[in-house]
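Engineer: Residue numbers (this note's numbering), protein chains in the order written: chain A, 3 to 208; chain B, 3 to 208.
Some clues are possibly wrong.
Which copy is meant is left open, because identical chains are indistinguishable; a pair holds if it fits in one copy or across any two.
[To be verified] Once the Cα atoms are required to be at most 30 Å apart in a straight line, the calculated DSSO-like pairs of lysine-lysine come out as:
(1) 5 - 139
(2) 6 - 99
(3) 99 - 168
(4) 6 - 155
(5) 157 - 139
(6) 167 - 118
(7) 6 - 159
(8) 167 - 139
Source of the hints: derived by calculation from the structure; they are not laboratory data.
Here the structure is a predicted model, which is why all the values come from computation and not from measurement.
Number of protein chains: 2
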Amino acid sequence: MDKKALYNLSYGVFMLSTKAGEIANGCITNTCMQVANSPTRVAISVINANYTCELIKQSGVFALSMLDQTCTFETIKHFGFQSGRDVNKFADMNLPKDGNGVPYMGWQTCAVLNCKVVSSQDLGSHTLFIAEVEDAKVLSDQAPLTYADYQSKVKPKPEKKAEDKKIVGWRCKICKYVYEGSELPAEFTCPLCGHGADDFEPIYED
Amino acid sequence: MDKKALYNLSYGVFMLSTKAGEIANGCITNTCMQVANSPTRVAISVINANYTCELIKQSGVFALSMLDQTCTFETIKHFGFQSGRDVNKFADMNLPKDGNGVPYMGWQTCAVLNCKVVSSQDLGSHTLFIAEVEDAKVLSDQAPLTYADYQSKVKPKPEKKAEDKKIVGWRCKICKYVYEGSELPAEFTCPLCGHGADDFEPIYED
């Protein structure tokens with residue numbers, strides 16, 4: 003099986019948020035699709051290790067903010083590269099809230115869906131939620147950011163490696179997991195957070 | 003709820019095929035995403051009225067051919083605008099077959115996934131299948147065709163309406179359902195096949 007074939011699936015890029023009791027949190031995902039139209043339902047898949055996944059299981063509601071072409075890497079970093087277990091990502095952000103009290107993106111976002119979970123299925127690494135769309139709004143006339151756009155335009159290019167130093171390992175930029183060895187296999191996925199080889203950075207010898 | 007918000011979800015375009023007993027069939031879909039990575043699983047959503055949906059329920063296997071930038075409107079028409087209940091879409095096509103005997107696209111396609119259904123859920127208009135990826139191949143180095151590309155580049159622009167004739171109804175190009183009335187609401191979806199207002203053509207008075 004050539005796992006690179008799966009890289010040809012097309013996705014958007016989303017800020018997925020929820021609020022369980024007093025705790026609001028959000029993360030960056032790329033997996034949402036409409037799965038039915040009467041009633042209107044979407045499916046999202048969320049990494050089980052993510053705090054947002056745990057909170058959606060508690061609250062049964064989420065907002066899906068569809069990031070658009072004006073989205074910056076700072077936004078991706080803010081919601082995608084740190085955990086809500088360590089940081090309150092919504093502190094000092096004056097974001098609008100949907101009917102369930104869930105904060106959603108008020109900028110860099112072309113549309114938002116407000117959703118109520120109707121079923122969920124644990125798939126090992128991820129949980130698949132099927133949800134009814136309770137409300138939907140268009141927020142800008144910008145084109146949606148695709149995952150391919152994110153990879154080619156938004157994500158900074160990796161720094162050139164220090165040519166005189168040997169690579170001794172690879173660190174996951176998302177969860178800091180360390181892979182020991184000089185060559186990271188291209189199809190490697192992080193055993194902790196499920197991100198792929200693209201999200202690892204080299205660790206050089208001292 | 004503004005259903006146009008849902009148009010901002012990003013998708014690819016796929017030829018979804020299966021073989022149940024001696025009957026092979028395929029259709030065009032835009033809904034597939036990877037939902038887990040250990041083991042590798044994808045989810046697809048298929049309109050219940052589609053013959054391919056009925057056959058996947060029988061066979062429990064499918065191939066997902068990811069159409070690429072070289073895909074022509076003829077291919078979309080061949081697999082998407084006629085039903086396998088009326089026509090054998092694979093007759094006279096010399097297509098490769100996967101390990102389950104399912105024919106898949108040998109051209110205009112950047113990758114193919116060969117999948118085995120592990121669970122399914124009826125969502126009213128559609129069935130959601132979760133499937134294990136048994137094999138995956140890269141077939142070309144072309145970029146995948148996105149649904150937005152299909153709408154802007156592949157699909158022919160609608161003909162200008164005959165200015166001296168009145169529109170008396172709208173016909174679904176997919177299943178031929180007729181909507182009676184001069185104005186088709188933009189958010190209308192076909193009650194038979196689930197396709198949207200974009201897939202309807204005007205019927206003029208005699």
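Engineer: Indicate, hint by hint, whether the structure satisfies it.
Structural biologist: Status of each hint after checking the structure:
no.: 1; hint: 5 - 139; result: between (36 Å within a copy, 8 Å between copies)
no.: 2; hint: 6 - 99; result: between (38 Å within a copy, 20 Å between copies)
no.: 3; hint: 99 - 168; result: neither (49 Å within a copy, 45 Å between copies)
no.: 4; hint: 6 - 155; result: both (20 Å within a copy, 26 Å between copies)
no.: 5; hint: 157 - 139; result: both (27 Å within a copy, 27 Å between copies)
no.: 6; hint: 167 - 118; result: neither (51 Å within a copy, 46 Å between copies)
no.: 7; hint: 6 - 159; result: within (20 Å within a copy, 34 Å between copies)
no.: 8; hint: 167 - 139; result: neither (51 Å within a copy, 36 Å between copies)
Figure legend: structure checked against the earlier numbered hints; hints not met, in rising order: 3, 6, 8.
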